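Q: Residue numbers (the numbering used here), protein chains in the order written: chain A, 1 to 331; chain B, 1001 to 1396.
Simulated from the structure, these hints should not be mistaken for lab results.
None of these values were measured; they are calculated from a predicted model.
What you were told as hints is all true, and nothing was included just to trick you.
Each computed DMTMM-like pair below joins lysine to aspartate or glutamate, with the alpha-carbon atoms no more than 20 Å apart:
id	chain 1	residue 1	chain 2	residue 2
1	A	Lys226	A	Asp176
2	A	Lys224	B	Asp1047
3	A	Lys168	B	Asp1047
4	A	Lys224	B	Asp1041
5	A	Lys183	B	Asp1041
6	A	Lys211	B	Glu1044
7	A	Lys166	B	Asp1164
8	A	Lys168	B	Asp1164
9	A	Lys166	B	Glu1044
10	A	Lys265	B	Asp1164
11	A	Lys76	A	Asp109
12	A	Lys226	B	Asp1047
13	A	Lys168	B	Asp1041
14	A	Lys166	B	Asp1041
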Amino acid sequence: MCASPSPRGSQAPPPLPLFLLCLLAATRRSVADSTSPGSPFTSLPAREEMMAKYSNLSLEIHNISLTEHSSVPVKKNITLERSSNIELTCQFTTSGDLNAVNVTWKKDDEVLENYSLINRTGNILYTQYKFTITKSNQMGSYSCFFGEKKEHRGTFHFKVPEIQGKHKPIVTYVGDSTILACKCQDCFPLNWTWYSSNGSVQVPVDTQMNKFYVISGAHGNETKLKITQLSEEDRGSYWCHAVFQLGESENLIELVVLSYLVPLKPFLAIVAEVILLVAAILLCEMYTQKKKKQPDEGKEFEQIEQLKSDDSSNGIENNAPRHRKNSVTSK
Amino acid sequence: MAPKPAGPPDGGWGWVVAASAFAVNGLSYGMLRSLGLALPDFAEHFDRSAQDAWVSALALAVQQAASPVGSALSTRWGARPVVMFGGVLTFLGFVFSAFARSLLHLYLGLGLLAGSGWALAFAPALGTLSRYFSRRRVLAVGLALTGNGAASLLLAPALQLLLDTFGWRGALLLLGATTLHLTPCGALLRPLALPGDPLASSRGPLAALGLSLFTRPAFSVFALGTALVGGGYFVPYVHLAPHALDRGLGGYGAALVVAVAAVGDAAARLVCGWLADQGWVPLPRLLAVFGALTGLGLLAVGLVPGWGGPLLAAAGAYGLSAGSYAPLVFGVLPGLVGIGGVMQATGLVMMLMSLGGLLGPPLSGFLRDETGDFTASFLVCGSFILSGSFIYMGLP
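Same shape as in the complex, but just chain A (with noise of 0.2 Å):
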């Protein structure tokens, strides 16, 4: 069963995985019976359990339609993170002859064998490629081709969640603490793990040490490195790594710390500026009001002066005329 290829168009069990399961099976059965140490391991209700083991797995079905008149190949882009059976299923519509188009399907650039054909009455074309993921480098991107075209093509892009986090640098300063996180929408990671770069290596992130507490949220989709007592050599560029069954997945947290000279300066300058703001306007007022109060005691001397003045001329009978003449001129 394992040395013979499996017939198109059949339920046809994955290849590699299986292939490598009956290899592991053939060397431990060759082991113990070393009489027939090439006998293909043929064992039935091996088989079947690993069938189940199979059919316990999540099943994914994907379509792609293309027509002739496509101009630009479809892709699709599916996130995966454990193992799952997968049904790829690509359609092709065209005027013409179906069966002078030539169907290939590849993984990356390698051509695949067991996809299974469907031709439909009128113009529409079927393919599927029906496979299981269990190994990351089954990850990748697999294609169906109708024909030479470059156009007539469709792609699935299978990739391991994506982890979110802060794209903009996190600030602290000298003797803070921090707390860096990431997390995934909807996603389980099998594990967390921190690590710390100077440059371009990457260093784990040491947790024995009293400063650094890795934090895990309450589903598993969250982690969180707190990070006590900074100084400036916890600068620099920190990654979380999530481990999936298929892959795994990282994202960039950069940390600044700064000390407290930093906003310092500018907020001395802002504080000097407004206590010569208030000196001004304070003194400012003070000088109007002097100033006020300089004329009118000016003025209050003036008057003073003139009432001096009228006394020292001839007495009352001279106000009459002058008044009189006042009131004529002042007509």
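Given chain A, work out where chain B should sit, using these hints.
A: This is chain B only, laid out in the frame that chain A set:
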């Protein structure tokens, strides 16, 4: 030989006071509104999520509730020293919170200290402004009240820049230095002697709060109406954006709704201020009319279906009416209590609105949680405002 006090100068140094009040409004309410931008950074640092929203709610509550204290102190010692001291208090609050090691420190620094500083600054500044004007009072007050809108526009991007460059600690430190500018604004508030000023007090501190004003029927009617309006007035500040988001608008669509309301609000403050001063309609009537329109606008925001043009129109209508209402609330005071009582009345008005402000948003949130959307919330707060405006019709 002091000359008998003349009436309000209605210009001259009054415009400098208006500019000062504009800056005070911006450095208090504008700063408070922009603080919301820093809340995510607080949450991230202290590893909490919703509790830090209470920081700005606390600051607002303290500012409003403690306003009568500011007014009382300034009736006793003049507005100038009180506002200058308020600036220093706010500055200290920010600097203290920059070194916060726990959320409690933030509450104490920003909520209590800065909130008290703002309370000592805002009401006396506005009260002084009302005393400097008579014929153009509502316009001057409207002009000053546009300060917080202008400040929010400037402070929002500036605060983001500060947060990105200096982190939240450095940003709070520099914001503290900025709020210290309340002190030079206070220095500009030259004392003014007016006929009708209460004599230098032999009264006790409680009397200085101006509680005796409540014995005047006109002011009591006004107080009741204002307390009711306060129950609905602050809800859109908190819940207009979430309502727009609930209706299905994206982040930018919701921001547009808020912006339409804000721009309408700011423009209306100026236009209504000018209009009210023309004297064509008695101020208490205008107050009732615009209060009612604000209430209707909020009912419309809650009831209007969909999320496009009708919602924007309702938000605009609400903004225009709420903006017209704001300067009128302060503008009617001299008519109700005389120019001498304006300082104390201003503080009391702030406190009355804060009672509603503490009740309204939580009630609105509760209704939304119970019914699933904000329709009930806006209906309730719209009807609070409508009933307050109805009471305003009883004003002389």
